[in-house]
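Novice: Chains as they are written, first to last, in my numbering: chain A, 1 to 305; chain B, 1001 to 1549; chain C, 2001 to 2388.
Derived by calculation from the structure, the hints in this document are not laboratory data. There could be a bad hint or two in this list.
As the list claims (entries may be wrong) - Per the computed footprint, the stretches of chain A lying under chain C, defined by three or more beta-carbons under 8 Å from a beta-carbon of chain C, are:
hint: 1; segment: 50-59
hint: 2; segment: 126-134
hint: 3; segment: 146-159
hint: 4; segment: 175-186
What the hints assert, rightly or not - In silico lysine to aspartate or glutamate, EDC-like type, Cα no more than 16 Å apart, as pairs:
hint: 5; chain 1: C; residue 1: K2165; chain 2: B; residue 2: D1364
hint: 6; chain 1: A; residue 1: K150; chain 2: A; residue 2: E168
hint: 7; chain 1: A; residue 1: K105; chain 2: A; residue 2: D55
hint: 8; chain 1: C; residue 1: K2204; chain 2: B; residue 2: E1396
hint: 9; chain 1: C; residue 1: K2165; chain 2: B; residue 2: E1101
hint: 10; chain 1: B; residue 1: K1120; chain 2: B; residue 2: D1508
hint: 11; chain 1: A; residue 1: K105; chain 2: A; residue 2: D273
hint: 12; chain 1: B; residue 1: K1120; chain 2: B; residue 2: E1101
hint: 13; chain 1: C; residue 1: K2165; chain 2: C; residue 2: E2177
hint: 14; chain 1: C; residue 1: K2204; chain 2: B; residue 2: E1203
hint: 15; chain 1: B; residue 1: K1522; chain 2: B; residue 2: D1508
hint: 16; chain 1: A; residue 1: K150; chain 2: A; residue 2: D136
hint: 17; chain 1: B; residue 1: K1522; chain 2: B; residue 2: D1098
hint: 18; chain 1: B; residue 1: K1522; chain 2: B; residue 2: E1101
hint: 19; chain 1: A; residue 1: K105; chain 2: C; residue 2: D2277
This structure is a prediction, so every number in the text was calculated from the model and none was measured. Every residue gets a Cβ at the ideal spot worked out from N, C-alpha and C, and that includes glycine.
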Amino acid sequence: MIPARLAHAAVRVAAALGLTAAALGVTAAPAAAAPQPMGRCTTTSGVVLAVDFSDWGGPLFRSCGTAPTTGYELLNQGGWRTTGTGHDGPAFICRIGYSGYKNGKQYPTPGEDDCVLTPPASAYWSYWHADPGTNDWQYSQLGAMLYKPKPGSVDLWIFGGTNIEGTEGRPTVTPDQLRAHNTRPQGGGTRPSSTAKAPPLPPDVDTGPAPERRATTPAGSGSPKPEPKEPKPSKSPTPSHTAGPTDSPSAQAAPSPKTKVVDAAPAGEAKHDPGSIVPVAAGVSLVALIGAAAAFVARRRRRTE
Amino acid sequence: MITFEQVTVHYDDAAEPALRDVDLTVEEGELCLVVGHTGVGKSTLLGAVNGLVPHFTGGTLYGRVTVDGRDTADHPPRELADVVGVVGQDPIDGFVTDTVEEELAYAMEQLAIPPTTMRKRVEETLDLLGLAELRHRALYELSGGQQQRVAIGSVLTAHPRVLVLDEPTSALDPTAAEEVIAAVTRLVHDLGVTVLMAEHRLERVVQYADRVIHLPGDGHARIGTPADILRTSTIAPPIVELGRAAGWSPLPLSIRDARRAAAHLRSRLTGRTPGPVRPLSAQDRPRLLAARGVTVTYHGVPAVREVDLELHTGEVTALMGRNGSGKSSLLWALQGTGPRRAGTVEVADPHRSTAADPHTVPADQARRLVGLVPQTPADLLYLESVAQELDQADTESAAGPGARAVLDRLAPGIDGATHPRDLSEGQKLALVLAIQLTAAPRIVLLDEPTRGLDYRAKSALIGIVDALAADGRAVVISTHDVEFAARAADRVVVMAEGDIVADGRTPDVIVASPVFAPQTAKILAPLPYLTVGQVQDALLPEDGRETGP
Amino acid sequence: MTAVARTTVEPAAAPSAPRPDRGGRRLPRALHPVAWWVWALALATAVSRTNNPLLLFLVLAVLGYVITARRTEAPWARGFAYYLYLALTVVAIRVVFRAVFATGITPRDHFLFSLPHVPTPDWYAGIRIGGPVSLEALLSSATDGLRLACMLCCVGAANTLANPKRALRVLPGALYELGVAVTVAISVAPQLVQSVQRVARARKLRAGRAQGMRALRGIVVPVLEDALERSLRLAAAMDSRGYGRAGSATRRSRRATGALMLLGMCGLCTGAYGLLDATAPAFLGIPAMTVGAVLCVAGLRLGGRRVTRTTYRPDPWRLPEWAVAGSGVLSAVLLFTDLGYDPAQLNPTFYPLTWPGLPLVPTAVILLAGTAGFLAPPPGPVRKADAS
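Let the sequences and hints guide you as you build the complete structure.
Specialist: So this is what it looks like as structure tokens:
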């Protein structure tokens, strides 16, 4: 059992380290991938990204990105953001956050997992694919930076434990519940956009061309309320897409009874606070103070010897 | 206290028993000396006292050994630890802990003595052996004499009734040996401890012995008073030989007694010039080596300070001085292998007309200039048999005499199939010397060759050294053994703290010194006699005159 | 001796300025080695929790202070500098590895430089060698290495502050043999080094031109023979001094000891597994651990009964020992309870670049561990080699 666990962890790390060509690709052609409103994804174009926040009482978000792209890019555009581990760097997806949910708070929280070492096999973001036309999830054998989803496929991130074969802890939703069923891009100018409420993108944020924003909000009765004082990426009146059949094709699919599926529109980044230099200065002076005390003690010892 | 009843010890791989039908009793409070040549079973006898023989060494012990009523057959050494304390030749090998205080307590911890008693006994032992100043010191940084005293103290704390000492002073310089012997005699006199001690250099201890066990070499043992045993034994210190030569009875064992007995002898010898110890050779002997300002330092601590030294052909030089005075460092620096911080060494190169510095030439050339036998000759031996070592020496040297021929001259009769490890100390020395001589160096340096040699082996070594000098080589021997130096050396160099403090003809240097004077010189002072041989020579013609007419 | 004399003279020399009470009524003595080990290991545990460079540097400073204030002058107490070198090496290796075995660069990262990229075959696509290196990657690998280095320094501090041999003496009686073996090995190692040096030097006298295996043999054979003979003499000496005297052990009690120890160890392993693997059933965790520990203690007690031995000048365990060990344990516990601070501050991320914060409670907790520098009694007076 223990060897199996170790092997599992090793494979996950190896997969995570497979940032490889993807990483270079990102730097080489950063503008290739772009976030899109959900309606722009069709059965043959674009990639659907789905992230399940149900472990924290949230919905299952899905959003759309253009292909070609990588799993990592999909997760880091249009308001999505991830954090790696201290040990393996950004390639190992340890936390996922969406600026439209809880103000961009990333999950699992630092209290739940410090994201220093590889997270335990019982509680981590597992990565699943469903190729176009299939209704079966496949456990990803590659890391997010390495995997290039096909147009029309679905990428799913669920939190929890799986075994190395991906036979346990499989997703409860089916790919058909999440995938785009329209054959032609929809939306675009058809929906009122809420760009006014969305935060402006920082100029250096590399999310590709500014997408057309169509905001959705997980403002269901069970979902936590967005904090009012912060600029929210979305203020759509649509409470939940399960209830709005016209909203997107996804509504046609019956979601699993437990999980709400919410379309997440491309949104601006949650604002990043670079922090203050004051604690650093305080820390450095504290260290210097103790160092001086040590030097003083050392001198006194040498004198008395 | 100790009784041997019909004891025979037979080691499994030996043809003859090491001890045969030994019957003896050592009474309580005696200082009993075990004497005999190397390999006659001294260590076996001592080991049998606390059961190391045969419990630890193997072999079979017939008969009965009892110590304080306990039979060693039923009690392994650890169960006798409270009765018998054993101190070996090299104290550092027996240390289990790393500071003086903890080493003193170790045996008591094993015996489960209550902590309060332990504390008290450690303090008492520190005072008894004069170790109080050293109590927190690390064992490895102590001098040899201090280490040996700690080793004695570490068995004393268990309050044994018997102390067994196996050559406790063989590695020590004369002063350190005095320290240890003084400590032992104090234990005998003040505490009534029974001491059984083996010692090669009888001149150091024989005066304190109550009885002597003599092992003549056939496995039997004889016990008796020192005067009785030494009158006839093949092993005798110079004082006894002098007594025998002069016909004193009872045989004096201390310098004081001998001087009293020697009053008549001194008056007989007054006015005669003693013959030379060694044949005088030509005065203007060619110089082989000239060292100027040789300085050696280890981590900035000077071991040899700006020493000037010249060596001449056919001259045997004894290098003396206490442990750590820089003797070894000087020898290694002269040979060129050891470090040298400053100074020059010039060796007349027999192959060329110029002088060479052994420090700057390659190692194989340096050994053709100067040969050195280190303190532990076995360090140079690594093959399975004597013959292999000699062959290897021949291939290493390429030229020069065959190693086998040299060895046969130095120590005839060593079987080529013997494993070098099974050779006696003297034979190992001869083998290594032979290996070094295959390179035909004209200067031979011997670092403490007398360590662990008995009287017979020392006499053999003197023969070897004489032969080397007769070949025109210059020989330097570092040694603590004044009796050996008196007999073997033309010249004595005394070092202290890295300096040469005395350099001159042997009689001039060692007669004047209270520490370095040999026993004969002490007894016959102010007459300039050094060895018993000289006295015998001086007496011979007189006896001839007396008996002649 | 001069050291003692001078300390007593000093107050008299400067009577006008009242000097700070140096240790007060506490007599100088060595703290129980186990207290130092508990303190240091607890601090190491606390360090394992955080990746915050400010806190890590604070731990290093605290270690430095306590060592300067409370180490003795013994040889083992001069080794902390080597642990610092080792720590630096760890950080350097960590940074180099992260740069060479690149873990990916995202478009948001601050690109620093690019290493030549070594192509790897497709089936080995998981590992990438070379490529672009970002500031974020270097910083996060440096802090990651620093954390490891800090834990290393904690162990180094324990070794510096406590005599390793005395620490071994507190082993339970049943494990006494193990302690002796380690002690002897520690003292034999320097002798072996000396022996090798001596033989290597002697080899030159023979001008052995042999290379490779033959030359090695010329050194190894005499050294091993020397070591073997020495160990035989040591064994004989230990035997004659009462080492391994039989106690009241019977065959049955020895078997019982073995069985108890074996079962206890199994329990401890199962417990550790249960605690570390979140998917394991609950009864495998704490309960198995407890049962294992109880069995082990029982085995050690039973085994210890057959050993009849006393200890010379046993180290006392008094208030300062409780205080030092307690300050360490308390800091570890506080750092694991997330009380009064945001756990995110313990592990600040460098993606995106953020100044690390200085959370109040963890800072205070580390300073609390630093009070060991006052809580421990001052070390004994310096004893220099008086002869030299």
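Novice: Give a verdict on every hint.
Specialist: Against the structure, the hints:
Interface restraint, the segment 50-59 of chain A with chain C: violated (0 residues with C-beta to C-beta distance below 8 Å; minimum three). Only when three residues or more bring their CB closer than 8 Å to a CB of chain C does the claim for the segment 126-134 of chain A stand; here the count is 0, and the claim is violated. Counting residues of the segment 146-159 of chain A whose CB lies closer than 8 Å to any CB of chain C gives 1, which falls below the minimum of 3, so the coverage claim is violated. With 0 residues having a Cβ less than 8 Å from any Cβ of chain C, the segment 175-186 of chain A misses the three-residue criterion, and the hint is violated.
At roughly 45 Å between alpha-carbon atoms, C:K2165 and B:D1364 are farther apart than 16 Å, so this suggested pair is violated. Our distance criterion of 16 Å between C-alpha atoms is broken by A:K150 and A:E168, whose separation comes to about 25 Å. Straight-line distance between C-alpha atoms of A:K105 and A:D55 comes to about 14 Å, which keeps the hinted pair within the 16 Å bound. A hinted pair counts as satisfied when its Cα atoms are at most 16 Å apart, and C:K2204 with B:E1396 qualifies at roughly 12 Å.
Our distance criterion of 16 Å between C-alpha atoms is met by C:K2165 and B:E1101, whose separation comes to about 14 Å. Annotation: proposed proximity of B:K1120 to B:D1508 is violated, straight-line Cα distance about 50 Å (limit 16 Å). With a C-alpha separation of about 13 Å, the suggested pair A:K105 and A:D273 falls inside the 16 Å cut-off, and the hint holds. Simply put, B:K1120 and B:E1101 have alpha-carbon atoms about 12 Å apart, close enough for the 16 Å limit, and the pair holds.
Our distance criterion of 16 Å between C-alpha atoms is met by C:K2165 and C:E2177, whose separation comes to about 13 Å. The suggested pairing of C:K2204 with B:E1203 is violated, with an alpha-carbon distance near 37 Å, which exceeds 16 Å. Between the alpha carbons of B:K1522 and B:D1508 the distance comes to roughly 14 Å, so the proposed pair stays at or under 16 Å and holds. Proximity of A:K150 to A:D136 is assessed by CA-CA distance (about 15 Å); at most 16 Å being required, the pair is judged to hold.
Proposed proximity of B:K1522 and B:D1098 is contradicted: the alpha carbons are some 41 Å apart, above 16 Å. Our distance criterion of 16 Å between C-alpha atoms is broken by B:K1522 and B:E1101, whose separation comes to about 39 Å. Proximity of A:K105 to C:D2277 is assessed by CA-CA distance (about 27 Å); at most 16 Å being required, the pair is judged violated.
Hint compliance for this structure: hints 1, 2, 3, 4, 5, 6, 10, 14, 17, 18, 19 are broken, all remaining hints hold.
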